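2 protein chains.
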Amino acid sequence: MAKKVRNAISPTREENYPIWYQQVIKAADMAENSEVRGCMVIKPWGYTIWENIQKNLDSMFKETGHVNAYFPIFIPKSFFEKEAEHVEGFAKECAVVTHSRLENDGKGGLKPAGELTEELIVRPTSETIIGSSFSKWVNSYRDLPLLINQWANVVRWEMRTRIFLRTTEFLWQEGHTVHATRQEAEDETDLILNLYAEFAEKYMALPVYKGEKTEAERFPGAVKTYCIEAMMQDRKALQAGTSHFLGTNFAKASNIKFQNKAGLEEFAWTTSWGVSTRLIGALIMAHSDDDGLILPPRLTPSHIAIIPIYRNEEEQQQVMEFIHQFQEKIRKIRYHEQKLVVEIDDRELRGGEKVWYWIKKGVPVRLEIGPRDIENNSVFMGRRDFAVKDKFSIDADEFISEVTNILDEIQDNIYNRALKNLHDHTRKIDEQEEFYNYFTPLNKENPEIHGGFALSHWCGSGACEEKIKNDLKVTIRCIPNDAESESGNCICCGKESNSRVVFAKSY
Amino acid sequence: MAKKVRNAISPTREENYPIWYQQVIKAADMAENSEVRGCMVIKPWGYTIWENIQKNLDSMFKETGHVNAYFPIFIPKSFFEKEAEHVEGFAKECAVVTHSRLENDGKGGLKPAGELTEELIVRPTSETIIGSSFSKWVNSYRDLPLLINQWANVVRWEMRTRIFLRTTEFLWQEGHTVHATRQEAEDETDLILNLYAEFAEKYMALPVYKGEKTEAERFPGAVKTYCIEAMMQDRKALQAGTSHFLGTNFAKASNIKFQNKAGLEEFAWTTSWGVSTRLIGALIMAHSDDDGLILPPRLTPSHIAIIPIYRNEEEQQQVMEFIHQFQEKIRKIRYHEQKLVVEIDDRELRGGEKVWYWIKKGVPVRLEIGPRDIENNSVFMGRRDFAVKDKFSIDADEFISEVTNILDEIQDNIYNRALKNLHDHTRKIDEQEEFYNYFTPLNKENPEIHGGFALSHWCGSGACEEKIKNDLKVTIRCIPNDAESESGNCICCGKESNSRVVFAKSY
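As they're listed, the protein sequences go chains A and B. With the working numbering, letter number 500 in the first sequence gets 484, and the count goes up by one each step, no holes. With the working numbering, letter number 338 in the second sequence gets 322, and the count goes up by one each step, no holes.
In case anyone wonders, no lab produced these hints; they're calculated from the structure. All of these numbers come straight from a predicted model, not from anything done at the bench. Don't take each hint at face value.
Pairs involving identical chains hold if they fit within one copy or between any two copies, as the list cannot separate such chains.
[Unchecked claim] Derived BS3-like pairs: lysine-lysine, alpha-carbon spacing no greater than 25 Å straight-line:
#1 344 - 95
#2 46 - 323
#3 338 - 245
#4 39 - 316
Start from the sequences, fold in the hints, and give me the full structure.
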């Protein structure tokens, strides 16, 4: 008789995907909601993932000629008002600083005092404040291109928040570049889009669609917005990075001008681009299972957890000695230009509890090592890409020589799993009825489950886009960069179209 | 006839130290004031120094068992009010968020809207908001010690600001730890003080006094505050890092309790500690000269700048080929666990202009390489710790094999220079008249120049401390940790004292 498998996370993905997501975060001890509305606390396990994302992305930025700088967190209201679409897009969700101190309110408490002559906005994004610096830095074509990145916190007063995915404060990087020609700025936008896609695929093990946003989904003030879109396990799309071609809109708003080679003054062309702590949410939702977090080896805080197994003090001493030596050997191994991180879990807990602890934290490789393993010079290995019970002995020296291959294999396996999810739940749809059925939840108990991504024709009209959004909560995620030219009919109005776009529900 | 030496920075240190400081920053293109009151823009050259500070300090924190996390930027006013001395210390200088959006004001502009039910303070320091998390994280002695660090921006609405040294917004790290016993918390405070001193000496090439602050100079809410104090070239002190033993004050304010081994509930013991972008100001003021910035090799963004010398295209090709190969060789060399950074300056400028450019930026080693050098397989080296004209040829292969030693020698030289400055301008003073003379500027044209640090006896009374502060603008920088017990008389009131303290003017 088949025993019902018990899982570490309840509810399962099937049972309730949104709550499963929260439970995975809790079980892995990654982050929690704070007592400040919509702001999260990123706990060490979650923050180390962010540090690894930063480290790797930062090298990619630097290799492509970008340098980091830091600009003020506050934006004077008047700067913010300079770009009309921009302010329209962000005015409804910004934290406003109006006072510079607190004083006694005469009732034992404190009240704001020192009213500012001009209100300051806590940056929701920095185009306008950085533009103000750039207008001083850029004078001649010799000053261009200017390729700057900033790692910072930003604040957007969102109505509904969800940990990592949409929080009032979040951490991100924002690139801001200035170019002498339209072409160079468009090339930069493209370079970064490809860089983001490469990062998602190589490091996050996350296949993505690259493409352009429709006008309705564009960044406020941009001429074109490009994005990468990934599929989560509930088949919803998650925008994982955006790269904006800003034309001369922000250059005009901030007065970024330069003298060209002919000695004439021109407005410069700018871009901006960013990814945020939302990527951690993407990682969780793309890879984890009903036993908790699954982390790609290239971004995990720890690669290997070692769990000592012993019954008495004598065994403990023998086991710990072996393990410490083994840990030292592993620590010397380089894995993609970093050193392997190995944790020894010597807490006073039962072995089984420790095994589940590391499963829930998503560590790629677990090693249980006891006296019998040591006798055979072997280690008992569990892999997070395999089933929990699917563990096996491996010669200790072989493990040392194979560990980087094993980690690469895990990285590939979880990538391929995510790729399969994307392929299995992406469908070319040409009939409106099929399209509507595809996006209609299968049953009421599980309103989240639906078809997935639809590749369908779209005539280019905002009205059709909006009708679909209103009917189904489905949006155009992007117009794929590599879409083949193919004639067809708009899935909404039936008018002619010459390429398909990606429709999906999204985070 | 001796020619008057012209310097790259005007005024010189002698002529006007505060303006010299600003000019060094400008000439090295490190940072600038922004249009937001008191906030600076940290430009790439300055920011990379901060990145190097972060990278090295962060490893030191991690090696001593600390992990990073991230907490909200906003602190609800009610949290802030929980610790009486703390709020007293910061209420006068905090940015207050009162609204969550902007709406049309009917006059073509925007006004704050969405008034918050509780004001939020932009963190000036995070004891209270982090304490709120810690109170949930800490339940049992098994959860302790809790050793957390955060890299973040903070805001203090300072009246007078000075770039890097005192700005409305600055970047820092703030460590926050929780311990089961008073002793463990005191040990942590001490561990970090020593770590900061080691960092200052090894990386920043900055000798420091380690010691305890007097009650008047303590962090608001702390039981004890320890600090490292360095001497700048104008003989003023700069507090370069603080480590606070908070007792149970903040544990009580935030309700951080744990069950001890005996099963009884106790308040925990906490510490906090931080260094900030102010360290960059310290670097500048401690080492730079009248030709601009001087950077310690262990924190410089670039170790070596190569300046190609040629008269025509043929020479250019030959020189550039040699230089690129040379650069590749240097890049493979490891210098204290990082790779050497070498820049080739191939801008269309005269060689002399480029040489001065890199002098002003403080790069430790400059290499001028032309056809004749290549013929001899040599490079023409200038070192930032030597006089500008003091350049010499060195065999190219010898340079490769010696470069890390050369850099270590430069690091040592600037450390020893700073140490000499400290020794030359520190004096044991036992007579009140001498003390008053020591701190009286030598002449009116140069009001900044005075004696330096005085090691004098102090009776321990706040009244004496205050009188000296009022009379001379001199404060007790610290009661040195390693002060020998020695009987004497208070420099102010003449009462008995058993050890000397460090008196100085300060930033």
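So which of those numbered hints doesn't the model satisfy? Hint 1 is the one this structure does not satisfy, whereas the remaining hints hold.
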